[in-house]
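Those sequence lines, one after another, are chains E and G. Those letters in the first sequence? Residues 1 to 526, by my numbering. Those letters in the second sequence? Residues 527 to 728, by my numbering.
Simulated from the structure, these hints should not be mistaken for lab results. There's no promise every hint is true.
[Unchecked claim] Rough simulated footprint, nothing fancy, chain E against chain G, three-plus residues with beta-carbon under 8 Å:
{"no.": "1", "stretch": "533–542"}
{"no.": "2", "stretch": "553–559"}
{"no.": "3", "stretch": "645–658"}
{"no.": "4", "stretch": "705–712"}
Since the model is a prediction, treat every value here as computed from it, not as a measurement. Just so it is clear, CB atoms sit at the ideal spot from N, CA and C, and this is done for glycine as well.
Here are the chains, one letter per residue:
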Amino acid sequence: MSADHHHGPASGITRWLFTTNHKDIGTLYLFFAMMMAFLGGAMAMLIRAELFEPGLQLVEPNFFNQMTTMHGLIMVFGFVMPAFVGFANWQLPMMIGAPDMALPRLNNWSFWILPFAFSILVSTLFMEGGGPNFGWTFYAPLSTTYAPPSVTYFIFAVHLLGMSSILGAINIIATIMNLRAPGMDYMKMPMFVWTWFITAFLLLLVMPVLAGAVTMMLMDIHFGTSFFQAAGGGDPVLFQHVFWFFGHPEVYIIILPAFGIVSQIIPTFSRKPLFGYTSMVYATAAIAIMSTLVWAHHMFTVGMPLVGELFFMYTTMLIAVPTGVKIFNWISTMWRGSMTFEAPMLFSIAFVVLFSIGGFSGLMMAIAPADFQYHDTYFIVAHFHYVLVPGAVFGVFAGVYYWLPKWTGRMYDERLGQLHFWLTFIGANLTFFPQHFVGLAGMPRRIPDYALQFADFNAISSVGAFLFGTSQLVFVVILVRVLKDKASGRLEGAVGERAWEGVEGLEWTLPSPPPYHSFTTPPSIR
Amino acid sequence: MTDKTEGGVRRTAWRLAAGTVLMFGFGFALVPLYEVFCELTGLNGKTNNDPAAYSAPASTRAPTVREHETVRVQFLAINSTEMPWQFQAPETSELHIAPGAAPIDLTYYAHNMSDRDMVAQAVPSVSPGRAAQYLRKIECFCFQRQALAAGASTQLPLRFYISPELPDDIGTITLSYTLFDVSELAASDATASAEPPSAQGS
Ligand SMILES: [Cu+2]
Chain E
1 MSADHHHGPA SGITRWLFTT NHKDIGTLYL FFAMMMAFLG GAMAMLIRAE LFEPGLQLVE
61 PNFFNQMTTM HGLIMVFGFV MPAFVGFANW QLPMMIGAPD MALPRLNNWS FWILPFAFSI
121 LVSTLFMEGG GPNFGWTFYA PLSTTYAPPS VTYFIFAVHL LGMSSILGAI NIIATIMNLR
181 APGMDYMKMP MFVWTWFITA FLLLLVMPVL AGAVTMMLMD IHFGTSFFQA AGGGDPVLFQ
241 HVFWFFGHPE VYIIILPAFG IVSQIIPTFS RKPLFGYTSM VYATAAIAIM STLVWAHHMF
301 TVGMPLVGEL FFMYTTMLIA VPTGVKIFNW ISTMWRGSMT FEAPMLFSIA FVVLFSIGGF
361 SGLMMAIAPA DFQYHDTYFI VAHFHYVLVP GAVFGVFAGV YYWLPKWTGR MYDERLGQLH
421 FWLTFIGANL TFFPQHFVGL AGMPRRIPDY ALQFADFNAI SSVGAFLFGT SQLVFVVILV
481 RVLKDKASGR LEGAVGERAW EGVEGLEWTL PSPPPYHSFT TPPSIR
Chain G
527 MTDKTEGGVR RTAWRLAAGT VLMFGFGFAL VPLYEVFCEL TGLNGKTNND PAAYSAPAST
587 RAPTVREHET VRVQFLAINS TEMPWQFQAP ETSELHIAPG AAPIDLTYYA HNMSDRDMVA
647 QAVPSVSPGR AAQYLRKIEC FCFQRQALAA GASTQLPLRF YISPELPDDI GTITLSYTLF
707 DVSELAASDA TASAEPPSAQ GS
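Okay, chain G solo, but in the shape it has when bound (with noise of 0.2 Å):
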């Protein structure tokens, strides 16, 4: 090899290297691009983990309550795989809302059957995805970790309003909550979120 294509290998060597560390950052990259993508299309149903506010809608200008139509709102409650809580949607599984009406409080219901102290984190989703931004929660059980004493029972508070933006052909609203046991994730997380149960048992 001359000195010229040596130098030349080199070179090629260096910058392929430096894009491959390129890629192997993109990779990592995907991940909060991913977390904005989907927060932009509602893919798989993602709502916002920020709370939201009410304005009542009194100023004059657009948007206002849309009075005369209403929108189906359904709550589900699934306990994922060997999640030993029992996990229960309000009694009210179905609501009738008016895009931009007030708030509406509802409460879900947790109780641990197990002989241990549980932390769960309940992952909320909303069908069809692109509802997700227009169902606007104030109040969530699902903004913290849970953590509920063995045996301990406890209500969930639930603030949400739909926004007057909803687009009219979403006829049917569907939000669901996932309990997942986060316990162990929890103990080894020094800044765990989870308030001792007593605070939350009613």
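Pulled out of the complex, with its shape left as it was, chain E reads as follows (with noise of 0.2 Å):
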């Protein structure tokens, strides 16, 4: 009885709730992130509809400042971050030959607060004046002394899915520490690991000072303090340095992970090892290093020293040059390739391609005299959209059709992988593109209606959206299909232990689907 209990999952519900497999948990993460990915989608599409022309037509200004707000909140705590972490599950255990995590039953913990996190979150929206309206950067005092009461319910939630991803960061260094097969050295793990690694680490040096943040506006708003008020002494530039102390290494802690899954899809379809391993590897750990000294270029405008806008301006250039070299060293492993275009890698390509131009406006936006220009224009919101839906989005896409295979026993349809790359690929620079040329003609970004020489890209940008929305669809019905066919056991698509031809790593010696246990005895490393 006990060694049957320890072989396979329970049934029902409540091997979903107590357990603390990880795959069972990375399971978890990636369908919450999918879930929230739709809800968070749905308000874009609200606001791409009320932005399709000048004028207010569906919602007010004020509940689109609650779409806006939510809209951002919810695909970087609520899709990204847990998509990567639910990555992080499935993958990591299985490429460094562990069993599973090192601390399971703090993995289970770490899952189940997310549901409550964001239960909480969205459930602002129905309270007396409606959810947080100031924005995912939520900046004092429009999120203290102007918020409305709500914003309570938003720090506790805020405090919650902090605590959530302190735990699995903890819980995936100390996998990564203590339990490699013997012979995995350090400079032996798949790039993969090694950037969620450093993920790990930033998380740690970056959530508390998060949760320190809300924590002082807790005590604004409900403590007499004055921490963010100039009246009582206080300084709201304050909240930005502390925010953005935070918010710029998050931009990071969302994109490494994707870099991690590029460099194991690239070298697969290419058909070559990954170009330069040792030097990604310091590359990514600089860029870490360095996301923590860059901060103050969303502030160039608040008014710094003039050492201090050159200081912030130079070092955010200087993370172009790490990048840099990552983006060289995946183009180098495509260099002669025998390459193949399967989902994943059409999908990898496209991030190399389309996370550059991101790059490339990021680095426009890094001189300081220019930016000035460009603070709080649509131009910001077509750079970081560019570096998220292309970048992590697209990320999360590759990594689901390279590794779907290896997670069920099935391969997807190809057929509609094909079709689900191409109406993103269009969808997503039809949305996000023309936003570069509202945004430098000078559009206001978060506003529900527009001066009317900006109708036009708007309309493109509207329709873009829509498409890209609706072409994820797809992505469900691919889901479903391999879903259904492992359910029903049937051997059409079933994929044996390497489901791509030539795919290295340790994952691919384990049979597809995997054991509910990874590597009870530990494999032995050439």
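Put the complex together from the two separate chains, hints included.
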């Protein structure tokens, strides 16, 4: 009986509630992320519908502000971050030759905090005064003195999801440091493991600071302190410093795991080992360290001394160097490889190209004097959507297509995968590219209405968004089909250990789908 | 898991947890760090909130008065959002002052136009920011909260001098005060330093 218990999952709902298995928890994370993606996506559809033409058609300005705020919070904290933690849970133990995560019970907890956090966050929309309407950056005093009463629930939700991230990060570091199979030296770890290792340290570095920031807000609102209130001797600009000390590394927390996924996929479909592995590791570490020194590039217009502007301008531009190293390494990996273009590879190549566009617009903003024009315009919106959507989100898609055959033992429908890629690719570019133009022409961000001259590009952007949004249903169809095939035990489309031709890595030595506990005896590493 | 790895996991986890607590503390440490940083660099044009003392340039050592060069000093009065007071800068809204010269006395004017007793706090800001440390306030209404009964008015004293160490390239200094309503803060703050309105009325 007890032997049974150790070799297979429990059945029913309790399997998911009480599970300590890294694959189950990974699945939970990924499904949760997908639900949040559709919720945040629905909000984006509403935003784009309102912006389809000038004037106020669908929603009130205050509700529009709640939508932009919640869309940002949900996509960052509810979709992208949990999705990558899901990948970490599924893949890390398999990739380093471990039986499970190092702290399985903590693992269960760090997932199950999330649904509570987001229930609280989303429920604020139905409270008196509405949900958070101060932007995802929640600058004080907008989020303190002028906030709706529900802000206290927002603060509590941020505390909870911060706790979830911190626990997850501790687990990931403990796993990588202690559970590597004998012979798996640090410099033999796959890139995905490396990027998550560094990401987890970044999380531990900055999530507590975010918790501190919201705690200070809470105290300002309820306990009469004046951290951010000028009247009591505090300083609203201090909020921005504390927030962006978290906020800038946060963008790397979101993108580094995607770097890792792409670094696994490009070698596979180029049929060549990753070019410049060592430089990749050092570049990732350099990006992470430098990311803690650049935060005030979000605040060039608050009135900084010239030395400050210059310092943050140069450090920001310097990050382009290790990022460039990575881009060139990916291209060099593809160079003269015998490439094939399955869905994971398509998403990865699109990632490299489009992320570079986002990187270049980032470099434009790094120039402090130029940023005075770009600040708070749609150019900013275009920039960070280029690094987040074809960056982080394409990374998620690439990873799902790449490892889904491993996780389920069934190959997805490649034709549908190609369709999903092309619709997504066209939709995303149609949505976000025109936003560069309206931004440069001066359209401010976070507004429900705009001047007439921006109408055409906004209409194009909205059409692109609807295409982008609806084409995600193709992804759902693909997933449902694979899961149905798996459940029915149909053998058509079943894959062996190595689901992709010539694929390398420990996870591909396990059967597909892998056993409930990954490596009960450590594999030997050549 | 072997006992050895289990011990290792536990050690790693506790160390990381300690690091997390440390970083939470660091978040709060940013507040005083920022304060010090602002004072050193004049970031945000923050001025010192403690009274400065003026010593007549009797000693033969520098710094002395720079008689023949003057700096333009402008005075502004701004109400924060929803502040119903009338808040006015001195009649002479601009002065030419020699760095190091004897202190100057000025009065701002405030009138509580609302129908309730209120407490206000004026928050000073100097532009350009790096001039802040050279504008030395000996006496300032911004050092304390100001209480005014409904309909009452008062004169708000300011006494300051410009340090002779002021860099040459600064030709104009703007001293602006923003008035905030802190009635609620004062009410909840038992140790409010506000004096009764009669003490300041004139
Ligand atoms: Cu940044």
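We went through each hint and held it up to the structure:
no.: 1; hint: 533–542; verdict: holds (count 5)
no.: 2; hint: 553–559; verdict: holds (count 4)
no.: 3; hint: 645–658; verdict: holds (count 4)
no.: 4; hint: 705–712; verdict: holds (count 4)
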